[in-house]
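There are 2 protein chains.
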Amino acid sequence: MIVALGGNTLLPMDDETMAGQRRRIRDAARNIATLTEGDSEVVLTHGNGPQVGNLMLQQEEAKSGLRFPMDVLVAETQAQIGYVLQQELGNALEEAVSTLVTQVRVDPHDPAFENPTKPVGPFYAEEEAKNRAFQTTQVKRQDGRTMYRRVVPSPDPIEVIETDQIAAILDRGGMVICVGGGGIPVFLEHGELQGVEAVIDKDRASAVLGAELDADEFLVLTDVDHAYLDFGEPDQTPLEEVTTDELHQYLEAGEFEEGSMKPKIEASVDFVEGGGERAIITSADNIEAAMAGETGTQVIQS
Amino acid sequence: MIVALGGNTLLPMDDETMAGQRRRIRDAARNIATLTEGDSEVVLTHGNGPQVGNLMLQQEEAKSGLRFPMDVLVAETQAQIGYVLQQELGNALEEAVSTLVTQVRVDPHDPAFENPTKPVGPFYAEEEAKNRAFQTTQVKRQDGRTMYRRVVPSPDPIEVIETDQIAAILDRGGMVICVGGGGIPVFLEHGELQGVEAVIDKDRASAVLGAELDADEFLVLTDVDHAYLDFGEPDQTPLEEVTTDELHQYLEAGEFEEGSMKPKIEASVDFVEGGGERAIITSADNIEAAMAGETGTQVIQS
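Protein chains in written order, with this note's numbering: chain A, 204 to 505; chain B, 204 to 505.
Source of the hints: derived by calculation from the structure; they are not laboratory data. Among the hints, erroneous ones may be present.
A pair counts as met if it fits within one copy or between any two copies, since identical chains are not told apart.
The list that follows gives simulated cross-link-like pairs (lysine-lysine, DSSO-like), each with its CA atoms no further than 30 Å apart [to be verified]:
| # | residue 1 | residue 2 |
| --- | --- | --- |
| 1 | Lys266 | Lys333 |
| 2 | Lys321 | Lys266 |
| 3 | Lys343 | Lys333 |
| 4 | Lys321 | Lys343 |
| 5 | Lys465 | Lys266 |
| 6 | Lys321 | Lys333 |
| 7 | Lys321 | Lys465 |
| 8 | Lys343 | Lys465 |
Quick caveat: nothing in here was measured; it's all calculated off a predicted structure.
Pulled out of the complex, with its shape left as it was, chain A reads as follows (with noise of 0.2 Å):
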């Protein structure tokens, strides 16, 4: 089972303190712990975006100078949220779970390098933002405001590189950590991996690494309990069991959020497509009843 984790569900918008990380991932992990009654094999990936965030805010006011590029800040962050998980999963389940810095693979020639989209790292004022040596674009924050941020490329994943590795951890019955921030983007080139300033959706990514390792359920956890139609309308409507069929004509429609909801969306449907059983869409206090087929949106086969 793939169990993907969104990176805003384990960081506290009001305490982005490591004990205020700790104390989300704690609470994940004991829910994503029950997953583990009845043998199956979990795989965990997360998000990254307020956590890669802070590392790009850190590294543009620190006077020292170091600037790191994106495909080496999501390495960072692969490993400073996929230790306090693995350690708090450790101790949920009294064994040592393990995490694997996770790269993947993109096309240097995905039309997504030519279009970024994908928003990054601080916001700023509209006259700062014209100083910067990056694209950005307009977004509007939490509070209304309307301000720039970063636009990276958001290309598609093609492989997870380490998926042998992934296996072979699996195979000895650990539970593992990896693709964290949808992985480090890497492409080929002249037969070697490099690094490319790109963020992959990490829903994609963990329905590429469902395939490659032939889950059977995949588990997209966020902070609502159900995919809606017509979200946040007066009459928006919960998803309870749908169809991949029903799926594209809702997403044809219009229906999902980009950047949000859609990519959760597409990446379901990628996975039950692929052959997987079943994909669920809920909020990480929700496993248990979600896993039962009693609440959450249940992506299933046409």
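Chain A is already provided as a structure; the job is to place chain B on it using the hints.
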């Protein structure tokens, strides 16, 4: 075989950018790649002194005020260095190499906690050092200036938490990078692991891992070609083949520098006395000659 790579050998003093780090790491990777000829299993460990120092400096200078504890910063350097190493080694070997985020258990009653000795992080002038919330010590910089640095405890490593997972990947035939920076220091309390503000010597931790994995050889790579008697004196003598008994005598005579060559010698002695065939101390560009027994300090059983 366990190969321990010095943190200083991975970062050029005159170019701490990621481009500089990557150049240095690529050179080391090409040398290390030669070790896999003849099907030996290779586990690579590495230091992180200057790299964790840069992260400490960066978060101290940043206005945003997030201050992560040492265990989390050590984790971040494991992935920062591990990612570049795994990519460059993978390119040299034409196969995937993986990095595991690694915890190393210490004893909360280790006397090191009463007497912090390991300097870490930025250098401070005397006045700056007085205002810090942590213990500092006088150190002599390479340029001869006397300054101050934070000191943290350096407890003995007891066990590597993720040894089974490391073995699972080795058994599958892959090279593993782990125990970066000596491992993330953790201790057990009420049956649960938790991180602690300390730094474990990476050579000592590597020797512990070598014993756990029943490794035959332990290669300690540093910036000198041998360990020396009377190091730095006009009549300094390189140690070539040397037994553990001889090294005990030299250790008692105070031959080796604290925090530098001494822990490498102690780790080599521990490894060979724990059942290893030989330990070698040399520089990365001497790997092939040293493996052939032609150079380097070769530590053997008495």
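Going down the list of hints, with the structure as the test:
| no. | hint | result |
| --- | --- | --- |
| 1 | Lys266 / Lys333 | both (21 Å within a copy, 21 Å between copies) |
| 2 | Lys321 / Lys266 | both (27 Å within a copy, 25 Å between copies) |
| 3 | Lys343 / Lys333 | within (17 Å within a copy, 44 Å between copies) |
| 4 | Lys321 / Lys343 | within (14 Å within a copy, 46 Å between copies) |
| 5 | Lys465 / Lys266 | neither (39 Å within a copy, 35 Å between copies) |
| 6 | Lys321 / Lys333 | within (18 Å within a copy, 44 Å between copies) |
| 7 | Lys321 / Lys465 | within (13 Å within a copy, 50 Å between copies) |
| 8 | Lys343 / Lys465 | within (18 Å within a copy, 57 Å between copies) |
Of the numbered hints listed earlier, the single one contradicted by the structure is hint 5.
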